[in-house]
Amino acid sequence: ILNVEQSPQSLHVQEGDSTNFTCSFPSSNFYALHWYRWETAKSPEALFVMTLNGDEKKKGRISATLNTKEGYSYLYIKGSQPEDSATYLCAFRGNTPLVFGKGTRLSVIA
Amino acid sequence: NAGVMQNPRHLVRRRGQEARLRCSPMKGHSHVYWYRQLPEEGLKFMVYLQKENIIDESGMPKERFSAEFPKEGPSILRIQQVVRGDSAAYFCASSPGTGRREKLFFGSGTQLSVL
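Sequence lines, in order, name chains W and G. Following this note's numbering, the numbering of the first sequence begins with 7 at its first residue and continues without gaps. Following this note's numbering, the numbering of the second sequence begins with 3 at its first residue and continues without gaps.
These are calculated hints, taken from the structure and not from any lab test. Each hint should be verified, as a subset may be incorrect.
One side only, chain W facing chain G, incomplete, derived with CB under 7 Å [to be verified]: (1) S49; (2) A52; (3) F106.
Here are the computed distance ranges between Cβ atoms for each label pair [stated by the list, open to error]: (4) W:N35 with G:Q82: 42 to 48 Å; (5) W:A116 with G:E54: 37 to 43 Å; (6) G:P98 with W:S16: 43 to 49 Å; (7) W:N26 with G:A91: 26 to 32 Å; (8) G:V85 with W:E45: 41 to 47 Å; (9) W:K84 with G:L40: 32 to 38 Å; (10) W:N101 with G:G18: 35 to 41 Å; (11) G:G30 with W:K48: 19 to 25 Å; (12) G:R16 with W:K65: 32 to 38 Å; (13) G:R22 with W:K84: 43 to 49 Å.
Note that the Cβ used here is the ideal one computed from N, Cα and C, for glycine as well.
Next comes chain W alone, as it looks inside the complex (with noise of 0.2 Å):
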């Protein structure tokens, strides 16, 4: 079974923190690292797609590094704001359609 798995489960930071998250997926038959990022009672949007060892992408304060012999990857927000509080999801895609994690919810307080 394919495990794709994200941590912290959740988090609550201070409007001004910086933050970072864990993803961890199956090192072998990569493909591609998705995150997309998933607000209350919205849909699921697309932030990054990562495909080679060592990429980083970034977009605003929101930015991702992946490790894909290690298999991991991590998001980092940069001064979160309270817009920024919403799940955030990964995805590895190996040789199957993309396979998420459980996402890490995060809160900023203002």
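Please build the complex by placing chain G on the supplied structure of chain W, with the hints as guidance.
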């Protein structure tokens, strides 16, 4: 450009009835994926379809569940003789292709409640 459209948003069925969930992918997208989210669980893959073909149904329960994506019209996820354990949020996603950098575009989901 309209996003992925799912309907209904909420569906209530009694045990033993049939549930039909519809998904219209984004314009130009020919690949559709169905995921299910059970309470306190993540998104679980169910089935992947291209127009008129089921490509991967490895996540679909063997009985009572079926999916189609006809040449014309939306993709349909059909659950026959629903049971309480089928209560979940069902999400559809679409993509234009299966290239390495393709991302999924999700609908807002259908919340199925079985009484």
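Exercise. Any of the earlier hints contradicted here, and which numbers?
Worked result: Checked against the structure, the hints that fail are numbers 4, 5, 6, 8 and 12, while the rest are satisfied.
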